[in-house]
Amino acid sequence: MTLIGLIFLAVFVPWIGFQVWLADQPPRTQATLKASLGSFTAEQQFVLIQEFFFPTELVDHGDFGRKEAVGRGHAPWAFRTSLDGRPRILNLALAPEIWLSYSTESATIHQFWQGGIHLEGAVYDAQHGREPRSFGDRWIAPSALGWELRTDQGWLPARVHWLGWGTDPRTGRAWLSFQLAGPDGQALHLRESPEISREDDGSIALERVFERTSAPGPDVRLALPAGALRTSIDGQGSVNDSFLLLRGDGPAIGKTVRQVFDAPRQPIETSAQETSLPPSPFVRHGCQS
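When you line the sequence shown up against my numbering, it's residues 3 to 291, in that order.
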(Lines of atoms letter the chains of each structure in order from A and count residues from 1; the text may use other names and numbers.)
(Lines give C-alpha, C1' and ligand atoms only; values in the text may rest on other atoms or scores of the structure.)
Protein backbone atom coordinates (compact mmCIF):
# COMPACT_ATOMS: atom_id res chain seq x y z
CA MET A 1 0.00 0.00 0.00
CA THR A 2 1.30 3.46 -0.92
CA LEU A 3 2.01 6.23 1.55
CA ILE A 4 -0.98 8.17 0.27
CA GLY A 5 -3.21 5.19 0.92
CA LEU A 6 -1.96 4.88 4.48
CA ILE A 7 -2.60 8.56 5.10
CA PHE A 8 -6.12 8.17 3.70
CA LEU A 9 -6.85 5.26 6.02
CA ALA A 10 -5.39 7.04 9.03
CA VAL A 11 -7.31 10.26 8.43
CA PHE A 12 -10.53 9.58 6.62
CA VAL A 13 -11.58 6.15 7.91
CA PRO A 14 -11.90 7.40 11.52
CA TRP A 15 -13.65 10.52 10.25
CA ILE A 16 -16.16 8.47 8.24
CA GLY A 17 -16.72 6.17 11.21
CA PHE A 18 -17.33 9.15 13.46
CA GLN A 19 -19.84 10.64 11.02
CA VAL A 20 -21.71 7.32 10.84
CA TRP A 21 -21.81 7.15 14.64
CA LEU A 22 -22.88 10.80 14.91
CA ALA A 23 -25.75 10.31 12.47
CA ASP A 24 -27.19 7.68 14.80
CA GLN A 25 -27.26 10.03 17.83
CA PRO A 26 -30.25 12.12 19.01
CA PRO A 27 -30.59 15.54 17.33
CA ARG A 28 -29.63 17.38 20.52
CA THR A 29 -26.42 15.34 20.85
CA GLN A 30 -25.58 15.97 17.20
CA ALA A 31 -26.04 19.72 17.59
CA THR A 32 -23.91 19.82 20.74
CA LEU A 33 -21.04 17.84 19.22
CA LYS A 34 -21.06 19.79 15.97
CA ALA A 35 -20.97 23.07 17.87
CA SER A 36 -18.11 21.79 20.01
CA LEU A 37 -16.10 20.50 17.05
CA GLY A 38 -16.57 23.80 15.28
CA SER A 39 -14.37 25.47 17.88
CA PHE A 40 -11.42 23.15 17.11
CA THR A 41 -8.95 23.25 14.26
CA ALA A 42 -8.86 20.43 11.73
CA GLU A 43 -5.80 18.99 13.45
CA GLN A 44 -7.49 19.09 16.85
CA GLN A 45 -10.62 17.44 15.42
CA PHE A 46 -8.49 14.66 13.98
CA VAL A 47 -6.81 14.05 17.35
CA LEU A 48 -10.19 13.96 19.13
CA ILE A 49 -11.64 11.49 16.65
CA GLN A 50 -8.50 9.35 16.76
CA GLU A 51 -8.65 9.24 20.56
CA PHE A 52 -12.31 8.26 20.37
CA PHE A 53 -11.64 5.17 18.23
CA PHE A 54 -8.09 4.39 19.40
CA PRO A 55 -7.86 5.68 22.99
CA THR A 56 -4.42 6.06 24.50
CA GLU A 57 -3.79 3.75 27.44
CA LEU A 58 -3.78 5.75 30.65
CA VAL A 59 -1.13 5.07 33.26
CA ASP A 60 -2.40 5.04 36.83
CA HIS A 61 -0.18 7.19 39.03
CA GLY A 62 -2.45 6.92 42.06
CA ASP A 63 0.26 5.13 44.05
CA PHE A 64 2.94 7.73 43.31
CA GLY A 65 5.14 8.18 46.37
CA ARG A 66 3.12 5.69 48.42
CA LYS A 67 5.26 3.52 50.67
CA GLU A 68 4.42 -0.13 51.10
CA ALA A 69 3.16 -0.88 54.59
CA VAL A 70 4.81 -4.21 55.38
CA GLY A 71 2.46 -6.59 57.16
CA ARG A 72 -0.52 -4.23 57.03
CA GLY A 73 -2.17 -5.35 53.82
CA HIS A 74 -3.09 -1.86 52.64
CA ALA A 75 -1.28 1.35 51.71
CA PRO A 76 -1.81 3.76 53.24
CA TRP A 77 -2.66 1.69 56.29
CA ALA A 78 -3.94 4.59 58.41
CA PHE A 79 -6.31 7.17 56.93
CA ARG A 80 -9.45 9.23 57.59
CA THR A 81 -12.78 8.78 55.80
CA SER A 82 -16.44 8.66 56.49
CA LEU A 83 -17.55 5.03 56.91
CA ASP A 84 -20.94 3.35 56.70
CA GLY A 85 -22.68 6.71 56.80
CA ARG A 86 -20.74 7.99 59.82
CA PRO A 87 -18.39 10.97 59.40
CA ARG A 88 -14.90 11.49 60.81
CA ILE A 89 -13.65 7.91 61.07
CA LEU A 90 -10.01 6.88 61.46
CA ASN A 91 -9.31 3.56 59.69
CA LEU A 92 -6.36 1.33 60.56
CA ALA A 93 -5.34 -1.72 58.51
CA LEU A 94 -3.62 -3.63 61.30
CA ALA A 95 -2.98 -6.73 59.17
CA PRO A 96 -4.16 -8.10 55.82
CA GLU A 97 -7.99 -8.06 55.96
CA ILE A 98 -7.95 -7.04 59.65
CA TRP A 99 -9.31 -3.52 60.21
CA LEU A 100 -9.90 -1.32 63.24
CA SER A 101 -11.73 2.00 62.97
CA TYR A 102 -12.23 4.77 65.52
CA SER A 103 -14.75 7.56 65.74
CA THR A 104 -12.84 10.80 66.15
CA GLU A 105 -15.99 12.34 67.63
CA SER A 106 -16.10 9.96 70.62
CA ALA A 107 -12.47 8.70 70.65
CA THR A 108 -13.80 5.14 70.85
CA ILE A 109 -13.70 2.08 68.63
CA HIS A 110 -16.21 2.31 65.82
CA GLN A 111 -15.66 -1.20 64.46
CA PHE A 112 -13.17 -4.09 64.53
CA TRP A 113 -13.60 -6.50 61.65
CA GLN A 114 -12.19 -8.94 59.14
CA GLY A 115 -12.78 -7.86 55.55
CA GLY A 116 -12.13 -4.51 53.94
CA ILE A 117 -13.44 -1.13 52.83
CA HIS A 118 -15.13 -0.27 49.55
CA LEU A 119 -13.62 3.16 48.84
CA GLU A 120 -16.47 4.78 46.95
CA GLY A 121 -17.36 8.42 46.39
CA ALA A 122 -16.12 11.45 44.51
CA VAL A 123 -12.67 11.35 46.09
CA TYR A 124 -12.05 7.71 45.16
CA ASP A 125 -13.95 6.86 41.96
CA ALA A 126 -15.36 10.26 40.84
CA GLN A 127 -18.90 9.03 41.57
CA HIS A 128 -21.00 11.43 43.63
CA GLY A 129 -23.62 10.20 46.07
CA ARG A 130 -21.65 7.29 47.55
CA GLU A 131 -19.45 6.99 50.62
CA PRO A 132 -16.90 4.43 51.83
CA ARG A 133 -18.45 1.34 53.37
CA SER A 134 -17.06 -1.67 55.18
CA PHE A 135 -17.61 -5.32 54.31
CA GLY A 136 -16.85 -8.64 55.99
CA ASP A 137 -17.48 -9.95 59.51
CA ARG A 138 -16.87 -8.04 62.72
CA TRP A 139 -15.73 -8.71 66.23
CA ILE A 140 -16.75 -5.29 67.58
CA ALA A 141 -19.81 -3.45 66.26
CA PRO A 142 -20.56 0.29 66.48
CA SER A 143 -21.79 1.28 69.93
CA ALA A 144 -23.21 4.37 71.63
CA LEU A 145 -21.12 3.75 74.77
CA GLY A 146 -18.33 6.23 75.33
CA TRP A 147 -15.93 7.72 77.84
CA GLU A 148 -17.18 8.79 81.26
CA LEU A 149 -15.58 11.07 83.84
CA ARG A 150 -15.89 10.94 87.63
CA THR A 151 -17.44 14.08 89.15
CA ASP A 152 -18.99 15.06 92.48
CA GLN A 153 -22.32 14.02 90.95
CA GLY A 154 -21.00 10.59 89.97
CA TRP A 155 -20.01 9.29 86.55
CA LEU A 156 -21.01 11.60 83.69
CA PRO A 157 -20.36 11.45 79.93
CA ALA A 158 -17.07 13.16 79.15
CA ARG A 159 -16.76 15.90 76.57
CA VAL A 160 -14.34 14.62 73.94
CA HIS A 161 -11.94 16.90 72.11
CA TRP A 162 -9.98 15.19 69.35
CA LEU A 163 -6.30 16.16 69.33
CA GLY A 164 -4.97 14.15 66.40
CA TRP A 165 -3.47 10.87 65.27
CA GLY A 166 -0.30 9.53 63.69
CA THR A 167 2.13 6.62 63.46
CA ASP A 168 5.21 6.11 65.60
CA PRO A 169 8.29 5.49 63.39
CA ARG A 170 10.05 3.76 66.29
CA THR A 171 7.39 1.15 67.05
CA GLY A 172 5.43 1.17 63.79
CA ARG A 173 2.19 1.54 65.74
CA ALA A 174 -0.60 4.00 65.16
CA TRP A 175 -1.76 6.33 67.92
CA LEU A 176 -4.69 8.64 68.60
CA SER A 177 -4.72 11.55 71.03
CA PHE A 178 -7.72 13.17 72.70
CA GLN A 179 -8.89 15.20 75.69
CA LEU A 180 -11.65 14.20 78.11
CA ALA A 181 -13.27 17.04 80.05
CA GLY A 182 -16.01 17.40 82.64
CA PRO A 183 -18.61 20.11 83.33
CA ASP A 184 -16.33 21.79 85.88
CA GLY A 185 -13.50 22.20 83.38
CA GLN A 186 -11.33 19.38 84.73
CA ALA A 187 -9.64 17.56 81.87
CA LEU A 188 -7.33 14.67 81.09
CA HIS A 189 -5.29 14.11 77.92
CA LEU A 190 -4.92 10.50 76.77
CA ARG A 191 -3.13 8.72 73.96
CA GLU A 192 -4.19 5.27 72.76
CA SER A 193 -2.12 2.93 70.60
CA PRO A 194 -3.73 -0.28 69.23
CA GLU A 195 -2.11 -3.39 67.75
CA ILE A 196 -3.05 -7.02 67.12
CA SER A 197 -1.35 -10.39 67.47
CA ARG A 198 -2.22 -14.03 66.87
CA GLU A 199 -2.60 -16.50 69.72
CA ASP A 200 -1.32 -20.08 69.51
CA ASP A 201 -4.87 -21.36 69.04
CA GLY A 202 -5.47 -19.06 66.05
CA SER A 203 -7.57 -16.51 67.91
CA ILE A 204 -6.77 -12.84 67.54
CA ALA A 205 -5.73 -10.49 70.34
CA LEU A 206 -6.43 -6.76 70.25
CA GLU A 207 -4.04 -4.80 72.45
CA ARG A 208 -4.74 -1.17 73.37
CA VAL A 209 -2.12 0.82 75.27
CA PHE A 210 -3.29 3.97 77.08
CA GLU A 211 -1.01 6.78 78.25
CA ARG A 212 -1.74 9.98 80.11
CA THR A 213 -0.12 12.89 78.26
CA SER A 214 -1.18 15.70 80.60
CA ALA A 215 -0.92 16.61 84.25
CA PRO A 216 -2.98 14.46 86.64
CA GLY A 217 -6.71 14.99 86.38
CA PRO A 218 -10.04 13.30 87.02
CA ASP A 219 -10.64 9.56 86.87
CA VAL A 220 -12.13 8.30 83.61
CA ARG A 221 -13.59 5.01 82.51
CA LEU A 222 -14.58 3.29 79.28
CA ALA A 223 -16.99 0.43 78.64
CA LEU A 224 -15.05 -2.47 77.15
CA PRO A 225 -16.38 -4.18 74.01
CA ALA A 226 -18.36 -7.33 74.70
CA GLY A 227 -17.81 -10.71 73.09
CA ALA A 228 -14.15 -11.29 73.95
CA LEU A 229 -12.99 -14.76 75.00
CA ARG A 230 -10.57 -13.25 77.50
CA THR A 231 -9.84 -9.76 78.79
CA SER A 232 -6.78 -8.73 80.78
CA ILE A 233 -5.68 -5.38 82.19
CA ASP A 234 -2.07 -4.46 82.95
CA GLY A 235 -0.60 -1.56 84.88
CA GLN A 236 -3.02 0.63 86.82
CA GLY A 237 -6.12 -0.37 84.91
CA SER A 238 -8.77 -2.57 86.44
CA VAL A 239 -11.87 -4.35 85.23
CA ASN A 240 -15.06 -3.43 87.05
CA ASP A 241 -18.38 -4.44 85.55
CA SER A 242 -16.90 -4.49 82.04
CA PHE A 243 -15.34 -1.04 82.44
CA LEU A 244 -11.73 0.00 82.10
CA LEU A 245 -10.92 2.44 84.91
CA LEU A 246 -8.04 4.87 84.43
CA ARG A 247 -7.10 6.89 87.50
CA GLY A 248 -6.26 10.47 86.65
CA ASP A 249 -3.59 10.70 89.35
CA GLY A 250 -1.95 7.36 88.54
CA PRO A 251 1.24 6.71 86.55
CA ALA A 252 1.20 8.16 83.05
CA ILE A 253 2.14 4.93 81.23
CA GLY A 254 1.56 1.21 81.42
CA LYS A 255 -2.20 0.89 81.03
CA THR A 256 -2.80 -1.93 78.58
CA VAL A 257 -6.06 -3.64 77.66
CA ARG A 258 -5.77 -6.99 75.90
CA GLN A 259 -8.87 -8.72 74.54
CA VAL A 260 -8.77 -12.06 72.76
CA PHE A 261 -11.46 -12.88 70.18
CA ASP A 262 -12.48 -16.02 68.35
CA ALA A 263 -13.48 -15.95 64.68
CA PRO A 264 -15.75 -12.99 63.84
CA ARG A 265 -19.39 -14.07 63.82
CA GLN A 266 -21.36 -10.92 62.98
CA PRO A 267 -21.69 -10.16 59.25
CA ILE A 268 -21.56 -6.53 58.23
CA GLU A 269 -24.81 -5.90 56.43
CA THR A 270 -24.37 -2.24 55.47
CA SER A 271 -25.61 -1.73 51.93
CA ALA A 272 -24.57 0.88 49.41
CA GLN A 273 -27.99 2.50 49.72
CA GLU A 274 -27.56 2.94 53.47
CA THR A 275 -24.30 4.83 52.98
CA SER A 276 -25.46 7.00 50.10
CA LEU A 277 -25.72 10.70 50.71
CA PRO A 278 -29.07 12.53 50.60
CA PRO A 279 -30.26 13.64 47.16
CA SER A 280 -29.49 17.32 47.75
CA PRO A 281 -26.86 18.47 45.22
CA PHE A 282 -25.27 20.63 47.89
CA VAL A 283 -24.72 17.59 50.12
CA ARG A 284 -23.67 15.29 47.29
CA HIS A 285 -20.85 17.61 46.30
CA GLY A 286 -19.80 18.45 49.84
CA CYS A 287 -17.22 16.87 52.07
CA GLN A 288 -18.73 14.55 54.67
CA SER A 289 -15.52 13.21 56.20
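Quick caveat, the hints were computed from the structure, so don't treat them as lab data. Since we're looking at a predicted model, the values are computed, not measured. Be aware that a few hints might be false.
To be verified - Restraint-style ranges between C-beta atoms, simulated for each label pair: (1) G118 / S145: 17 to 23 Å; (2) D264 / Q129: 36 to 42 Å; (3) P57 / G166: 39 to 45 Å.
The C-beta atom is built at its ideal place from N, Cα and C for all residues, glycine as well.
Quick rundown of the hints versus the structure:
no.	hint	in the structure
1	G118 / S145: 17 to 23 Å	holds (21 Å)
2	D264 / Q129: 36 to 42 Å	holds (37 Å)
3	P57 / G166: 39 to 45 Å	holds (44 Å)
Checked against the numbered hints above, the structure violates none of them.
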